[in-house]
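Chemist: So the chains spell out like this:
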Amino acid sequence: MKHCLVVDDSSVIRKVARRILEGFDLKISEAENGQSALALCKQAMPDGILLDWNMPVMDGYEFLVELRSLPGGDAPKVVFCTTENDVSYITRALRAGADEYVMKPFDKDIIGSKFAEVGLL
Amino acid sequence: MTPADLSFLARFLKERSGLIIGEDKRYLVDSRLGPVARKAGIASIGELIGKLMRGGDTALAQSVVEAMTTNESFFFRDGTPFTQFTDVVLPQLIAARAIQRKIRIWCAACSTGQEPYSLAMLLEQKAALLAGWTVEIVATDLASDVLERARNGLFTQFEVQRGLPVRMLVEHFTQEGDQWRISPKLRNRVQFRTLNLLRDFSPMGAFDVVFCRNVLIYFDEATKGDVVRRIAKQMPADGYLVLGAAETVMGATAPVRSHPNHRGLFMRTDAPAPAAARPALGTGAAHGATLATPPATSLQSKIAAFRR
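Residue numbers (full-length UniProt numbering), protein chains in the order written: chain A, 1 to 121; chain B, 1 to 308.
Bound-form chain A, shown alone (with noise of 0.2 Å):
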């Protein structure tokens, strides 16, 4: 079973991904921040990470830098899944190591339309 990180300071989302995602065969574990993600990584790197943007104490994209420089940190598949819709976030976010994106809001046709082009389905 593929393990995937889902990080958002919204309980209320990560509930939703969480529901989502197990929905998918996928184990799922969280982080509230990139800060405690980042902790996570560190100890075990999870197949997929469904990452927010806006988050206190570290954001999705310091996260993203962070974990893309780690040893190992490079095989992670990550997602973003945020408000930020704007094209120059998108590119940011691709030029920075993410393998897609989600422009909240979402549904389970759109989360699984994306993990399934990263390879996680």
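Think of the hints as simulated: they come from the structure by calculation, not from any bench.
Among these hints, one or two may not hold up.
Calculated cross-link-like contacts (lysine to aspartate or glutamate; reagent style EDC-like; alpha-carbon spacing at most 20 Å) [what the hints assert, rightly or not]:
1) B:K185 - B:E148
2) A:K104 - B:D178
3) B:K185 - B:E136
4) A:K104 - B:E176
5) A:K108 - B:E159
6) A:K2 - A:E30
7) A:K108 - B:E72
8) B:K39 - B:D145
9) A:K42 - A:D74
10) A:K104 - A:E84
11) A:K104 - A:D9
12) A:K77 - A:E22
13) A:K108 - B:D78
14) B:K39 - B:E66
15) A:K104 - B:E159
16) A:K15 - A:D25
17) B:K14 - B:D24
18) A:K2 - A:D74
Using the hints, position chain B against chain A.
Modeler: Leaving out everything else, chain B in the frame of chain A:
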């Protein structure tokens, strides 16, 4: 709506669009025609059907047909047909048309345009391979309102996130507020036309590839057989017909047979047997195009194909 109303509507839709509806689709009639009646200022669906019975209002008749046809579409829908297009169909055609250097593609029920634009994006990725070639994409649909949307090439945030890889979004679309517009280059690759598949479409000429996915399921066997026969007549012997994954042509199999290795892909019954793996001819070989049968198709292999 009385049983007689529903019965009239069923005959009306079959005549106009080939669409088959039964008593079990009463809920669909209610949900689809309610808005049409309201928009036309008609008090009930029964009254609306009465107006259709009296005839004379062609705009209302067209609105009813358009409302009852299903227009769901999304980019790279089902994945596999697009992998087959790039990995099987295109290399084969590039080899076979090395002299003419022309390929014609028809999307026979294009809805809001996601299917032809998906093909246009794939062709764009193969631009080097197709340098000096003319590749036409003709996209047709019965419903003029969805065709208008397709022509505009403007898609909602929701639509561009279903099936479309984000890198393709950034490469081929421009953001306009909350919506995304396809690039003029891709827009101009596709010719959109209104067409009813029940009518004669022979003047459109021959097509090397015909996408007719998830349309035949709405027709009865006789209509399905007729449409497939007429499509096959528009295809050269080595052309391809692409149907939906769940669609069969049983009972209408005379003009086409399924590809032995690729579900959903059909060829004329008089087509030459699919060739074994061998290098493509002409420019294709120079660019490494082959006829090799790809591994089992999936969304993942679709993505791999995009990135090649």
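Chemist: Take the hints in turn and mark each one as holding or not.
Modeler: Hint check results:
1. B:K185 - B:E148: holds (18 Å)
2. A:K104 - B:D178: holds (11 Å)
3. B:K185 - B:E136: holds (13 Å)
4. A:K104 - B:E176: holds (17 Å)
5. A:K108 - B:E159: Satisfied, since the Cα-Cα distance of roughly 13 Å is no more than 20 Å.
6. A:K2 - A:E30: Since the Cα atoms of K2 (chain A) and E30 (chain A) sit roughly 14 Å apart, the hinted pair holds (cutoff 20 Å).
7. A:K108 - B:E72: holds (17 Å)
8. B:K39 - B:D145: holds (15 Å)
9. A:K42 - A:D74: Roughly 12 Å separates the two Cα atoms, so the pair holds.
10. A:K104 - A:E84: Between K104 (chain A) and E84 (chain A) the Cα gap is close to 8 Å, so the pair holds against 20 Å.
11. A:K104 - A:D9: Satisfied, since the Cα-Cα distance of roughly 14 Å is no more than 20 Å.
12. A:K77 - A:E22: Judged against 20 Å, a Cα distance of about 17 Å means the pair holds.
13. A:K108 - B:D78: Distance of about 16 Å is within 20 Å: holds.
14. B:K39 - B:E66: Within the cut-off at roughly 14 Å; holds.
15. A:K104 - B:E159: holds (13 Å)
16. A:K15 - A:D25: holds (15 Å)
17. B:K14 - B:D24: Holds, at about 16 Å.
18. A:K2 - A:D74: holds (16 Å)
The structure shown violates none of the earlier numbered hints.
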